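A.B. asks: Let chain A serve as the given structure and place chain B on it in line with the hints.
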Amino acid sequence: MAYSQTIPETVAVAPGVTLLMLPEPRFKRARVSLLADLPLDEGRAARSLLLDVLEQGSARYPGRVALAQAEQAAYGARVMMGRGSAMERHRTRLGIEVVGQRFLPEGEVVLPPALALAGSLWQEPWRGDQGELYRADIVDRERELLLQRIRERIDHRSEWAEERFLHHLCPDEPLGLLSWGSEEDVLAVTMEDLERERLRLLQEAEVLVLAIGPLQADDLLPWLREMFPADRKPWQPPAQELREAGELRLVREELDLDQAQFHMGFRLPPPPDPQQRAALQVANVIFGGGVTGRLFRVVREERSLAYGIGSMLRPMKGLMTVAAGIDANAADEVQEAVLEQWQDLVQQGPTEEEMSTAMVAILDRLAAVADDAGSLGAFHQREFHRGTHLTPAAWAENLQAVTPAQVAQAASLWKADLRYLLAPESKA
Amino acid sequence: MKILQTLQHPLAGETVVLAESAHGVRLALCPTPGFSAASAHFGLRFGSADTRFRMPDGRQVEVPDGSAHYLEHKLFEGREEKVFDRFGRLGASFNGGTGFHATTYHFESSGHFEACLEVLTDFVQHPLITEERVDKERGIIEQEVRMYDDHPAYRGIFLLHQALYHNLPIQVSPGGRVADVHAITAADLQSCFDGFYRPQDMCLSLAGDFDPEQVLSVVEQHLDLAPREVAERTPLAEPAGPEHAWLEESFPVSRPQVYIGFREPAGVGLGAPRMERRILSSLVLDLIFDRSSEIHEQLYRDGIVDDSLSCYWTDDAAWGHVVIQAVHDEPKVFVDAIQQALNRFAADGPSREDAERLRRAAYGASVSSLQTPSALASSLLRGMMDDDQPFATLDFLAQMDFEQLNARAREMFGEERRAVAILQPGERSE
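Chains as they are written, first to last, in my numbering: chain A, 1 to 428; chain B, 429 to 858.
Same shape as in the complex, but just chain A (with noise of 0.2 Å):
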């Protein structure tokens, strides 16, 4: 298999903003994806409402049918924004994306219009009639959309469980918080509140652009140098605190739901290396990181317990965590099988046929990342925002590299700390 070597050329564009960028002809569509990083502060109420509000139009667009009719007469450009949290930061990105110039009609242009649009979005807001920040009637009537879509959460029931495990399992950490603030948070938003934040994105966020496809950094440079000054003084992110596990927690609550949620969360110290998170990433494939791990063996195929269950990593907060949708009765067996294949991979270590079942679909996945923007932006956003920068090649080298006495040793720090359930409400 051949690994993508191609090392981002990576360009400086303004204090705290870099950009990462892949010029590739096979793409048919040019992505460019803007991450703006600022604190998880009391600021992020402010920023979620900010960004309903932009997108409602901006001085040079105004209103949201000025927006879209810019974006389909440049042949269904798309400009979105969104936030949340990332790496216990603040995260609100700016997305362009457009299809390639060979597929469009002679003479016709698509990026520059989509650039502009994106840009107006961010420096030119809509202001009041009468001088005012921002229009009114659009702030209150985004406020109360965005305080329904907070109450409405809980209709999500599994994402709802997710939100509710990570609020025990992180309390008092960024992690645990709702990214979009509370409704409290929301109500208190001021006008100046919004102008002050979306200063702070052009001015302050840690910002990474990267731009993959059918372009070129020059297409990019003068836009973005416009958008961000010369003279910003970016947010510097904090060393990251760490925690560690206690007793393992059991948290149990209930609503009207059909299927159980079933989730356990283990700490572990961050890996310091790339050979180390290398073997914790197999060994993190091997014990439920899909069809071929222990959890999905176990619990599905040989227990018939869950339809899906898996693990997810993330190593730069020292958390790996366990997810499945269950019948409520059967969590503690769920739990106990959770825990036996993690023991029975730190003290037997993997089989050698499971070593080489992670590896080939470890490998597979990584020689893919190369044909797809979205999965070669998300490795490079990885590798950047980690410090490491390899290319999937020397990604791959480092993977090869592992041992089973490596796995073992990486699944030997987890420490179970929390089993949350969101069961279905007992019968009086």
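It is worth saying that the hints were derived from the structure and are not from the lab.
Small disclaimer: the values here were computed from a predicted structure and weren't measured.
We put the beta carbon where it would ideally sit given N, CA and C, even for glycine.
Check the hints yourself; a few may be wrong.
[Claimed, not checked] A few chain B residues facing chain A, derived, Cβ under 8 Å:
1) Gly441
2) Gly462
3) Ser464
4) Phe512
5) Ala520
6) Lys564
7) Glu572
8) Arg574
9) Asp577
10) Asp578
11) Leu786
12) Ala790
13) Tyr791
14) Leu798
15) Glu855
16) Ser857
C.D. replies: Relative to the frame of chain A, chain B by itself:
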């Protein structure tokens, strides 16, 4: 193996080789030079709606809802070794899916394409179905069904299907109900397989950095299921018009969820007529409910719709309907306002300028979606199963006539063909 046609498609930027195996399996191959992964999708037009049929020997069969999906699960058990283990050793990503009218199986592999192709064609053609094996899977499928049962949108859509149709089996989700899962037997699944899994009805699409002729020679060795007669579908007759104009159910949601459907008077079969109706219907919905529409903007400003609104067109050969769904505190107010907006739109018709802008956007989105080998193989499989030429959507969008859209816009929203389903906040209905 017979190569039928090699097609250069400049709009998609792809080349497709169409072929047919000795036993009648239809194939489409798309070479993608420079891509690491290769993908194969294997499917047939047999799905959860096919519950009543007459076997070639004359025996009438009626299987429980969810049988096609259960069969898909059992095929993954393999004959001598689990498919999970076989694909697992090869490092492939793989899955299957059962819809109302089709079942598909697919994989993607960067390093072992030909070996994976052997696994795929083997397990789909050569299952071993026994009562013991069927029983073992019951708990797993029950959990899968329960997983969907907790999704309000899933529940709402099937409530709408119950309102729109009298007998059509799409009233039940492809997985069936928990009771169906408990009722399905090995004999049911064997009848489904024997009745419908025949080479003449199977399609295989492949995309990757390969030589099509070399791959065809490999595939031919594996497509060994002998041709046989197909079962005859004997569905219940479906009366015209919705079964219920308004149907409500309580469900644990914070606010009422509203689902509006407009049912087509008749199906148009497969091939170009269906593809054209699908695209035109989707564009009409965008003309009304996309954020670019003044109608939508007015509804948004009036507080009738918010970002919970979504709409789409869905169909098959014999049926089709529009779905408009949203969360709203006053369902009746919402439904009335939507109907008034639709009536105004049907009377005025679309503007040429709006139609052209949407056509361009749809074209750009269609081209962009044909990116990875897996996406290409998936598109080619759907095309074959729907009797469409490869990338027919792009061809239609490139030459679409405004008058077709205008005519479609004026016929879609007759109130007599409307049904409404509501999930009201409350305890789950039994």
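A.B. asks: For every hint, state whether the structure bears it out.
C.D. replies: These are the hints, each one checked on the structure:
1. Gly441: holds, 7 Å
2. Gly462: Holds, because the Cβ-Cβ distance from Gly462(B) to chain A comes to roughly 5 Å (cut-off 8 Å).
3. Ser464: Interface hint status for Ser464(B): holds (5 Å vs cutoff 8 Å).
4. Phe512: The hint holds - Phe512(B) has a Cβ within 8 Å of chain A, the shortest such distance being about 5 Å.
5. Ala520: holds, 7 Å
6. Lys564: holds, 6 Å
7. Glu572: This hint holds: Glu572(B) lies near chain A, its Cβ roughly 4 Å from the closest one there, short of 8 Å.
8. Arg574: This hint holds: Arg574(B) lies near chain A, its Cβ roughly 4 Å from the closest one there, short of 8 Å.
9. Asp577: With Cβ-Cβ at 5 Å, under 8 Å, it holds.
10. Asp578: holds, 5 Å
11. Leu786: The hint holds - Leu786(B) has a Cβ within 8 Å of chain A, the shortest such distance being about 6 Å.
12. Ala790: holds, 7 Å
13. Tyr791: holds, 6 Å
14. Leu798: holds, 7 Å
15. Glu855: holds, 6 Å
16. Ser857: violated, 11 Å
In the structure shown, a violation is registered for the earlier hint numbered 16 alone.
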